[in-house]
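There are 2 protein chains.
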Amino acid sequence: MIQGYDPRTGKPAGDPVAETTDDAVDRIALAAAAAAGPWPGISRADRARALAAVADALDARAADLVEVADTETALGVPRLTGEVARTTGQLRLFGEVLADGGYLDVIVSPAGEGVPGLSRIKRAIGPVAVFAASNFPFAFSVAGGDTASALAAGCPVVVKAHEGHPRTSVLTGQIVADALAGAGAPAGTFAVVHGVPAGIRLLRHPAISAAGFTGSTRGGLALARICAERPVPIPFFGELGSVNPVIILPGAAAARPAAIAAGYAASLTLGAGQFCTNPGLLFIPDGDDDLQAAIAEAVSATVGGPMLSERIHDSYQEAVADLADSASVEPLAAGRPREGPWAATPQVFRTGLADFAAGLPALAQERFGPAGLVITYQSADDLPAVLAELGGNLTGGIHADEGSSGDMSAAGQLAAVFARAVGRVIFNGWPTGVAVTWAQHHGGPWPATTAPGYTSVGATAIRRWLIPVVYQDFPPALLPQALRDAGGQAAQGAAS
Amino acid sequence: MIQGYDPRTGKPAGDPVAETTDDAVDRIALAAAAAAGPWPGISRADRARALAAVADALDARAADLVEVADTETALGVPRLTGEVARTTGQLRLFGEVLADGGYLDVIVSPAGEGVPGLSRIKRAIGPVAVFAASNFPFAFSVAGGDTASALAAGCPVVVKAHEGHPRTSVLTGQIVADALAGAGAPAGTFAVVHGVPAGIRLLRHPAISAAGFTGSTRGGLALARICAERPVPIPFFGELGSVNPVIILPGAAAARPAAIAAGYAASLTLGAGQFCTNPGLLFIPDGDDDLQAAIAEAVSATVGGPMLSERIHDSYQEAVADLADSASVEPLAAGRPREGPWAATPQVFRTGLADFAAGLPALAQERFGPAGLVITYQSADDLPAVLAELGGNLTGGIHADEGSSGDMSAAGQLAAVFARAVGRVIFNGWPTGVAVTWAQHHGGPWPATTAPGYTSVGATAIRRWLIPVVYQDFPPALLPQALRDAGGQAAQGAAS
Chain A
1 MIQGYDPRTG
11 KPAGDPVAET
21 TDDAVDRIAL
31 AAAAAAGPWP
41 GISRADRARA
51 LAAVADALDA
61 RAADLVEVAD
71 TETALGVPRL
81 TGEVARTTGQ
91 LRLFGEVLAD
101 GGYLDVIVSP
111 AGEGVPGLSR
121 IKRAIGPVAV
131 FAASNFPFAF
141 SVAGGDTASA
151 LAAGCPVVVK
161 AHEGHPRTSV
171 LTGQIVADAL
181 AGAGAPAGTF
191 AVVHGVPAGI
201 RLLRHPAISA
211 AGFTGSTRGG
221 LALARICAER
231 PVPIPFFGEL
241 GSVNPVIILP
251 GAAAARPAAI
261 AAGYAASLTL
271 GAGQFCTNPG
281 LLFIPDGDDD
291 LQAAIAEAVS
301 ATVGGPMLSE
311 RIHDSYQEAV
321 ADLADSASVE
331 PLAAGRPREG
341 PWAATPQVFR
351 TGLADFAAGL
361 PALAQERFGP
371 AGLVITYQSA
381 DDLPAVLAEL
391 GGNLTGGIHA
401 DEGSSGDMSA
411 AGQLAAVFAR
421 AVGRVIFNGW
431 PTGVAVTWAQ
441 HHGGPWPATT
451 APGYTSVGAT
461 AIRRWLIPVV
471 YQDFPPALLP
481 QALRDAGGQA
491 AQGAAS
Chain B
1001 MIQGYDPRTG
1011 KPAGDPVAET
1021 TDDAVDRIAL
1031 AAAAAAGPWP
1041 GISRADRARA
1051 LAAVADALDA
1061 RAADLVEVAD
1071 TETALGVPRL
1081 TGEVARTTGQ
1091 LRLFGEVLAD
1101 GGYLDVIVSP
1111 AGEGVPGLSR
1121 IKRAIGPVAV
1131 FAASNFPFAF
1141 SVAGGDTASA
1151 LAAGCPVVVK
1161 AHEGHPRTSV
1171 LTGQIVADAL
1181 AGAGAPAGTF
1191 AVVHGVPAGI
1201 RLLRHPAISA
1211 AGFTGSTRGG
1221 LALARICAER
1231 PVPIPFFGEL
1241 GSVNPVIILP
1251 GAAAARPAAI
1261 AAGYAASLTL
1271 GAGQFCTNPG
1281 LLFIPDGDDD
1291 LQAAIAEAVS
1301 ATVGGPMLSE
1311 RIHDSYQEAV
1321 ADLADSASVE
1331 PLAAGRPREG
1341 PWAATPQVFR
1351 TGLADFAAGL
1361 PALAQERFGP
1371 AGLVITYQSA
1381 DDLPAVLAEL
1391 GGNLTGGIHA
1401 DEGSSGDMSA
1411 AGQLAAVFAR
1421 AVGRVIFNGW
1431 PTGVAVTWAQ
1441 HHGGPWPATT
1451 APGYTSVGAT
1461 AIRRWLIPVV
1471 YQDFPPALLP
1481 QALRDAGGQA
1491 AQGAAS
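Chain order of the listed sequences is A and B.
Reading the first sequence from the start, the letters are residues 1 to 496 in the working numbering.
Reading the second sequence from the start, the letters are residues 1001 to 1496 in the working numbering.
Note that these hints are calculated values from the structure, not bench results.
Do not take every clue at face value.
[Said to hold, decoys possible] Only part of the chain B face toward chain A is listed, based on derived beta-carbon distances under 10 Å:
#1 G1114
#2 S1119
#3 A1439
[Stated by the list, open to error] With the C-beta cut set under 10 Å, the calculated list includes, among others, these residues of chain B facing chain A:
#4 G1010
#5 G1037
#6 G1041
#7 S1043
#8 I1107
#9 R1120
#10 I1125
#11 V1232
#12 M1408
#13 G1433
#14 G1453
#15 Y1454
#16 T1455
#17 D1473
#18 P1480
[As the list claims (entries may be wrong)] FRET-style restraints, in silico, Cβ to Cβ:
#19 A:E310 / B:D1355: 35 to 43 Å
#20 B:D1289 / A:D26: 43 to 51 Å
#21 A:G412 / B:D1056: 56 to 64 Å
#22 B:G1403 / A:G114: 20 to 28 Å
#23 B:D1473 / A:E310: 20 to 28 Å
#24 A:L30 / B:D1056: 50 to 58 Å
#25 A:L221 / B:D1026: 26 to 34 Å
#26 B:Q1317 / A:A482: 26 to 34 Å
This one's a predicted model, so the numbers in the text were calculated from it and none came from an experiment.
Note that the Cβ used here is the ideal one computed from N, Cα and C, for glycine as well.
This is chain A alone, in the form it adopts within the complex (with noise of 0.2 Å):
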């Protein structure tokens, strides 16, 4: 059985939830494949149709959701209820992207003197397991960005649940399972089971073709490796940690310390700071007393939520503990817990570029929780080499004052390093609040994902389950219909 505690009281929250046998997860799995037809043969507008369907139903349960989801996460309700309107306007999203039609990247050919005629298109790959995260119960979960890029695409979709939220899953899945059925999906496009065997067993399954993860390194590198040795491998996207660097330059520090460090604060411990996107390392110039003691200011004023599960908050005290005994690191400023068992204190540390450097890879570890690393540097001509040496991230941030040309021209080339090892470059912002629009990249190179090439967030989530076909010298009456659409053009020009 799965339990879900209320992270406030460290006490059970309402029923457990019974594992999903082996027998159901083979039933669940064949039924997805034999779904993998069907689903996908629908039209473009009905499928847009049946994602809207799902949306509206969990808007009009949207209270409902907030309310057993907030006795198993303590995220509170107005945090539950975006996050609610976010993951059904991320369902309405993929309806526009189906409308759009400009995912089937159609490119055309035409047959010429001894070169046949091409037509390509992309088709749904298959059945996708989607791994629901812990930290986003609606936006990374059952019905998140996961299942609704995967079902706009055309593949069905078998959810393995969370532990940490069980029942708010169980309620979203009979939500989304009721509304595809009525919007007239076929049986077995939609499923969620429960528990990690049943997880692990579902990824093996001949009927899977391929797999999304949201969540630690670890968990995420052992799902990948289950996937590269199946009998037939499957692609797997996976979003693992990330530390999320941001460089406050020296003009920028000194015409605002005051709101860099209220942004900085905020951003480190929205969430009770578990979010991928946390700003886990600080470079700020060194001896620029203002901004230091206006970074202590803000992050004392702080208070750590409850954290999501006994065993986040034991591993983010383990993590603050290494930090704290790492060697020239030195505290800088804590906040407070709110009550209960597993209310995190937030906590930042200060070291120099130098030491910084020398206790890479360590100190640049994850830390998912409220902690950050502030990083002292005497010239931003120092911070490219360093930079260098952390692993991919999915953001990092620049902070300047537009009217210095020195941080502007540091900027640039700050930018230009981040452009090779992050995902999304941030300009004046801090990193958390991924938006969910066409041009989003969620994503970023090893480890902060292990397929570099796409994003888990906007509209070309989408991308991850479809693969090309091409037809060669086909009569256009058995082409598919986007292709016969498109059979007079040669739309090369928008092509590659």
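Starting from the known structure of chain A, fit chain B onto it as the hints suggest.
Chain B only, in chain A's frame:
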């Protein structure tokens, strides 16, 4: 030392080539890393000019290249001359891809109420290791499609030459390196290494960011494992084996048995059958004695050229012996070998559909060379279930009589089956011959390729070497030029 051999005699062809030392591999990899900044920083137009310079230089030396390659591969002057032209055409196609610019995949989402502005573009992934194939000494070798597409993307390239044509590789490498240097490419943009240990060391080098491979399933899987087990794993794009099923529908069999038989025999024996697109499995209607007789006659008239190496020849002999020994498999026809120790005897065997299904997966394994298995079926309705048991393939072919409604109905059903199992579905054609055009997709589900979303031939082959980066709320002056150009537009429609 790496010694090339003349397949016509089995004797050494020219002087041996030295294996690249560990130190030299490290130097080359570090030089590639050093070029990974400046090479993609060169304008697209200049990069296209550099590719054109390489193409021109290879064309100017085509006669020399063909001469040395013929002594090492025995593929013959006409084929090799055509292959040089294909190779230089491919380099020029990527010049067009650069001019087009669509591969940069720009998406701009403007800032809105509480939503940051995001500008997304693709960047070069970094230095690429290319593992050359034996069977295309030009088009899938030192200056082949992987090299051309990676250089176009802005990635420095280090080619691990194939042992089968070391002197061809040296000469090609010199021509490419000189042309690139003459065109202003930075030192380190391109190099060739020799020997399996050098290739493995290269693949493990931290400077290498991705790898491309065309070759055997066994070799490809070994290299894929190395990529996955690196401290920092890298994407591996392997194009492995394929048996390329072709189905002759009853109407087509009745209408044009001689033409089908001639096309089949030609495709089966082209290049001594040493193509990943070789038609290894031919499904024909049971009881159609005209077609069987025509196939037997056409195959009997074929002559098998020398194979590329003693190892390939011996593997072919073993694979054919295994097939001949299989239960329910009987010989249908054989051609004759050309002179020389490594000449292949084209051989075609026959079995029934039920026996074929019972003999899977062994009967559907790739036999690299001119060996075919003809499978007779009672009804085209029986084919989908058996085709579903085959692994992924690069291609699937359907021959139909367009005047036969039975054929066309069956063709539609079979195309839908193939669309989920192969990368290219061919109507009334043969799989050998992969047109280098914008729409081409030379890929396919496992085990045809290790990364089913990608192609190794055609304009979109460049996508393997590019990963996205998004700029959030950036001042236009700090954006890459291509994003500055796109600054005003919200290019979402063209995007996902």
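Consistency of the hints with the structure:
Interface hint status for B:G1114: upheld, as the beta-carbon distance to the closest one in chain A is roughly 9 Å, under 10 Å. Checking B:S1119 against chain A: minimum C-beta separation of about 6 Å stays under 10 Å; hint holds. A least Cβ separation of about 4 Å between B:A1439 and chain A falls short of the 10 Å threshold, and the interface hint therefore holds. At about 35 Å, the closest approach between the beta carbon of B:G1010 and any beta carbon in chain A exceeds 10 Å, and the interface hint on this residue is violated.
This hint holds: B:G1037 has a C-beta 8 Å from the nearest C-beta of chain A, less than the 10 Å allowed. Because the closest C-beta pair between B:G1041 and chain A is about 9 Å apart, less than 10 Å, the hint holds. A distance limit of 10 Å between C-beta atoms decides the matter here; for B:S1043 the minimum to chain A is near 16 Å, and the interface restraint is violated. With 10 Å as the threshold, the beta carbon of B:I1107 comes within range of chain A, its nearest partner Cβ sitting at about 4 Å, so the hint holds.
Nearest Cβ of chain A to the Cβ of B:R1120: about 4 Å, under the 10 Å cut. The hint holds. The interface hint given for B:I1125 holds, since its Cβ lies 7 Å from the closest Cβ of chain A, which is under the 10 Å cut-off. Taken as an interface hint, B:V1232 checks out: its beta carbon lies about 5 Å from the nearest beta carbon of chain A, inside 10 Å. Annotation: B:M1408 was flagged as interfacial toward chain A, and the flag holds, the nearest CB pair being 7 Å apart, inside 10 Å.
With a least beta-carbon distance of about 8 Å to chain A, the hint placing B:G1433 at the interface is held under the 10 Å criterion. The interface hint given for B:G1453 is met, as the beta carbon of that residue sits about 5 Å from the closest beta carbon of chain A, less than 10 Å. Annotation: B:Y1454 was flagged as interfacial toward chain A, and the flag holds, the nearest CB pair being 8 Å apart, inside 10 Å. Taken as an interface hint, B:T1455 checks out: its beta carbon lies about 7 Å from the nearest beta carbon of chain A, inside 10 Å.
Evaluation of the B:D1473 hint against chain A yields a held restraint, the C-beta minimum of about 5 Å falling below 10 Å. Using the Cβ-Cβ criterion of 10 Å, the hint placing B:P1480 at the interface with chain A is satisfied: the shortest such distance is roughly 8 Å. A hinted range of 35 to 43 Å for the beta carbons of A:E310 and B:D1355 is inconsistent with their spacing of about 59 Å. Taking 43 to 51 Å as the suggested C-beta distance range, the pair B:D1289 and A:D26 conforms, at roughly 45 Å.
Remark: the range hint 56 to 64 Å for A:G412 to B:D1056 is contradicted by a beta-carbon distance near 36 Å. Between B:G1403 and A:G114 the beta carbon distance is about 25 Å. The supplied range of 20 to 28 Å therefore holds. Range check, B:D1473 to A:E310: Cβ separation about 38 Å, and the 20 to 28 Å hint is violated. The hint said 50 to 58 Å for the Cβ distance between A:L30 and B:D1056, and at roughly 57 Å that hint holds.
Checked against the given bound of 26 to 34 Å, the beta carbons of A:L221 and B:D1026, roughly 27 Å apart, stay inside it. Taken as a hint, the range 26 to 34 Å is violated for the pair B:Q1317 and A:A482, whose Cβ atoms sit roughly 46 Å apart.
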